[in-house]
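Quick mapping for you: the protein sequence lines, in order, are chains A and D.
Under my numbering, the first sequence has 194 at position 194, and the numbering climbs by one with no breaks.
Plus 1000 on top of the position in the second sequence (first one is 1) and you've got my numbering.
Simulated from the structure, these hints should not be mistaken for laboratory data.
The structure presented is a predicted model; accordingly, all values stated were derived computationally and were not measured.
Hints may be right or wrong, so weigh each one.
Unchecked claim - Only part of the chain A face toward chain D is listed, based on derived beta-carbon distances under 10 angstroms:
id, residue
1, 81
2, 103
3, 369
4, 373
Said to hold, decoys possible - Okay, derived cross-link-like pairs now, DSBU-like style, lysine-lysine, Cα gap no bigger than 35 angstroms in a straight line:
id, chain 1, residue 1, chain 2, residue 2
5, D, 1447, A, 94
6, A, 458, A, 278
7, A, 356, D, 1077
8, D, 1081, A, 110
9, D, 1030, D, 1143
10, D, 1269, A, 236
11, D, 1055, A, 458
12, D, 1468, D, 1401
13, A, 420, D, 1143
14, D, 1131, D, 1260
15, D, 1468, A, 110
16, D, 1056, D, 1260
17, D, 1401, D, 1466
18, A, 356, D, 1131
19, D, 1269, A, 386
20, A, 110, D, 1030
21, D, 1191, A, 377
22, A, 377, D, 1077
23, A, 94, A, 31
24, D, 1055, A, 380
25, D, 1269, A, 380
26, A, 458, D, 1131
27, D, 1030, A, 236
28, A, 236, D, 1131
29, A, 377, D, 1269
30, D, 1401, D, 1346
31, A, 386, D, 1055
32, D, 1081, A, 356
33, D, 1466, D, 1447
For glycine and all other residues, C-beta sits at the position ideal for the given N, C-alpha and C.
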Amino acid sequence: MQLNELTAHELHAKLANREVSSVELAEAVYKRIDSVEDKVKSFVTLTREKALAKAAEVDAKISRGEEIGPLEGIPVVIKDNMCTEGVLTTCSSKMLHNFVPPYNATVVEKLYEAGAVVVGKANMDEFAMGSSTENSRFFATRNPWDTACVPGGSSGGSAASVAADETVYSLGSDTGGSIRQPASFCGVVGLKPTYGTVSRYGLIAFASSLDQIGPFTKDVADCAQVFNAIAGHDPKDSTSAEFDVPDYTKYLTGDVKGMRIGIPKEYFVKGTDPGVQKLISETIKKFEEMGAVCEETSLPHTEYALPVYYLLATAEASSNLARYDGVRYGYRDESAEDIVTMFMRTRAEGFGSEVKRRIMLGTYALSSGYYDAYYLKALKVRTLIKQDFDQAFERFDIILSPTSPTTAFKIGDKTDDPMKMYLSDIFTISLNLAGIPGISVPCGFVDGLPVGLQLIAKPFGEGTLFQAAHAFEQNTEHHKMKPTLSVREVI
Amino acid sequence: MSTEYEVVIGLEVHAELKTESKIFCCSSAKFGGDPNTHVCPVCLGLPGVLPVANKKVIEFGIKTGLALNCQIAGYSKFDRKNYYYPDLPKNYQISQYDLPIAEHGHLEITVDGQHKVIGVTRVHMEEDAGKLVHQGATMASSKYSLVDYNRTGVPLVEIVSEPDLRSPEEARLYLEKLKAILEYTEVSDCKMEEGSLRCDANVSVRPAGQKEFGTRAELKNMNSFKALQKALEYEVERQIEVVEDGGRVIQETRTWDEVKGISLSMRSKEEAHDYRYFPDPDLVPMVISEEWINNIRQTLPELPDARKDRYVKDYGLPEYDAEVITGYKQISDYFDEGLKHTRNAKALSNWVMGEILKFINTSGLSVYSHEFPIPAANLAELVELIDQGVISGKIAKDVFKEMQVKGEKPGAIVEAKGLKQISDEGAINTIVDEVLVKNPQSVEDFKNGKERAIGFLVGQVMKATKGKANPEMVNKLLREKMQ
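Bound conformation, chain D alone:
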């Protein structure tokens, strides 16, 4: 009989904070730019320079902590993490060690319809490193490497979870929820493709029922939510295999190769760095007042879970819809805007989850963009047109296609193209009569109990009216006349 294994995962997530300037100097923190243009003596770590903490970064650190239900430290400090790497100009990173800005938080995920609370161990602030561009494939195989220090000193928060995640799927859900929270809080853009959101995972397996954790491996280099889940699935399988074969999992750092779909060992515990953390003597400790924390608390927006509850309670949306819509701030903001113009939340949600998500994915446009052709008010108007029987659901799909192209209001499109539904009984009557005359066989079939025949007849009426006849009315009239 094979053993059941329990998976234990904890995530370390780095998010770049979207401040104007860097964490310890005035250089721009903007993404991109020509190499080494967003730099100054301070972030280049030239001899003699000193860091000065950016107050906005501390504010964002506190905000992140509050959004994750953490306790905010009254007294916090920066420490130096010492290691040599050419993308790190001082050969130490200014980070936080034993007194992080926030601790003891949590967030909630929904797994198979069940709510689960995942602990957040800590949130701390630190500076990002630069970017190495190798002439060859790796530094070792390159004749030379170039360094771009634009990203050096861009502020980061590192968010460490408790080892509460029990499957690769839970890990992905956690990361998605965390991303949503950071987006809602507007502290980070959370663009995994630009590296403004990065994730490392600690993974171990243990026989079900065993109390002690198994030996963990640290996984790096997962660049999307999908990659995270895939990498974890691979790693879990690998570890189980090792154990099943009578071996022992070794403590090591592994890197995920997305192309090959495998993880490779980077370094073992023995090769692990001794970072020699100590308080940075160039920065004074931070004393954070209750008043400041409370002021920041006031600025916290409605977070994804609260919005989800609102959608369910106030608008009767199914839990699933609410979860999907609140997963992305822009979708949820769009939905909220739409709700100002229609009361049919479920219909609106169907359109948002279906056509709008599809449109965003294919067009790559953000709903906040000026070029986004379908303002939420227009979509709500479309929902209203269907609700009021002005157009049918089928016609609505055509109208939506038009809306994507020119950004026109659906009412105007319906008007201009004469797409209004025919709900005039007299007009439909005439056409129904004509169809009945032309299709005696179908009439016969219906009378003989072939229910399907009515579908054909409805179709014929719709075809004759170019889809504009009110289908319910057509159905009703056909049945009356064939009785």
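Chain A extracted, bound-state conformation:
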């Protein structure tokens, strides 16, 4: 195995006992990037020099005999919507094609403190709006399991870079499924934490009440370790929760005996790929074999999640994205003769069509005369969706579902039909509305493409998620499979 293929916990052991150096590790990662990046296209920006310098620092620390933390000297990739001081942060948008933040996002700061080696910034759907990374204004990222397919989105670059071993782990953000769905499509582990557990300060907002940062990793143990590093209260984020961050690795017991797992009947409907359906059924059996108790449950307001999401997320986005006007930073149309024309042309050219579609939708939902019927109504239904989960968690420790109804689709397949694209997030969106955590872990393959299993817990129930996901992983081999980085031959 190459160094870049290993997990963080494996690498930490090797670094700590000086079997390998951090610089060797970084070099292995960049060597891999150099050889596969044309096929995958995970990155908007590579930070090679900074990364090697940081790795050298860690090596110096090790050679001085100092102890290193679990993520120290280990390569990470950051989605390009998290601010990195002095490093381009574009949101994969023409609007921010030249934006270099003067400050670090809190998560980035935390990773630096943990000694992380930042490899580069990952491609994404523009402003995190999309489910395929085809909405990047720069280029589409490809699925390492079939480079003719999408990696999912919006955190497609973050997911693909982990799957293609271009990094050890990465950070993404999830507003309606943007971590879990690409994790599912790329066959890696992806966590959308409880709203408020990871600071949003420095995460370029799409929908403030839904956005949450989380990790992509090669196994569940790494996911718990990275979550240890990034979770916690941040005084710079008013919506960040004050809670004691436990050591999440203590939940990696491998034991799910007696765990009560709910299977929501609304998530097993027409439209889900039969192959995916079959794998989830096998997964449920697996959990039962492992000693968990699986029972059907109901989340009756599930069918409203998608419309509610597309009212609330777009309403917030219409306001959050208002600041991109060409006045202070980013793209500006220089041809305009007056300020209003400058605003209009800058935004017409700076934003792509999906972003504009959502801004218009959100502006409409907030307009006087429509506010009550759309925005306010959606807020009320959001409460009902949350109550569905509250009730279910009175009986269950975990709720289990597919992460997405299908495996990765072909590039270009859904770009003409936004509704089809939106449906890819049908199982993930409710969690953001309810503010609860969900993890996607590999649970098998359909026609050579990975399938993700989504496990859901109540607020601050990440420990339970790690426990269940880790136990499942211990009893399966899916996460050990490696992609071919070529166009898949369908037999």
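Given chain A's structure and the hints, the job is docking chain D onto it.
Leaving out everything else, chain D in the frame of chain A:
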């Protein structure tokens, strides 16, 4: 016969709160500074930043509400007001919409000696915008404009009155009283010239007796109390003229041109913004406890009306004096300090309303300033010197002039310059005799019933004593001797 019209006015007042830091970040909220030096990523609205509410601002919001007799909200939140303008870095202003910090208050004004209660609809908190500096006269006519974001995020309270004001004068009186209250509460400096107090007015007219309000116009850009009254007078006249000519007042926003003395239409209702208010998802709602409200209530100072009552009740000051003195916190504080050193409140009030106000206006000094040469104790001493007959009122004016220059105590000035009043009957007697001898004609005139002649004779004695003779005593002696 011409119709009588009733004027209906409501005011929206913005006051900058004098906190150390801005409303949602740690940048300095100080006035001035080189352009774009009191800024950080948060108030610049850079991608990814988040606001965190300044607790002091909420405290000041509550304090303002309490000073205006409002109900304080137990649950309040911030909302976004969306509109595009280059002085607004996020293109939305964080404000409060349907759950303001305080509601249902009132304040009292005195119009022609009559008390009148004016309703305060609401008090809410919001962030200020930046400042545009155009290369030309307006943004449209400029090749470029510069933006200074120092003021962006400086905390404001907006105070909205009920449409209870019935004349431009009442509107000015309301604004003056509101300013006094905010000053006393020490939440704002209320400097109209620095823009820390700003006022918009909604004005309409209706035939007297009509129940429904007329169509209102919103007036902006009045930068002084005088301008407010003038602008309103102009607008009222304009609206009456429109109606008299058989026209209809249209709902619009108008801007006051101080130089030309006219208001101009800015935009009509059709062009009005749809602000698309919605709760700011970056800020959590505020839950305000009774305990916190009560603690803030404890810190409220004596407000202008209470001071006015005290002056009238405890010191027998005329209502008018009390009103004038309490109109400005510094004047009232000065007066209170003076009262510690003299019991003659009326005499003190005369000096304060006369010479002291004049001195403040011409010198531009604040009574709180170290350079202010006349401590209240010195003025009170002067009042006492007159009361005790040590100097006459006339001499006192000269002494006051000296006091302004060197900051000396009046007693010391009187001593050094030998200005003490001569109240020694023997000494005055001699001079009176001399004056009588020198002016036989006046003595004659007086004896023939010309009362005026005594004035001349008193004047002569005063002149001979350089004004130091006790005038009452001179008068008494002259009359005795001419009987």
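>> I'd like to know which numbered hints this structure contradicts. Please list them from smallest to largest.
In response: Violated hints (numbers, rising): 4, 5, 10, 13, 15, 16, 19, 21 and 26; every other hint is consistent with the structure.
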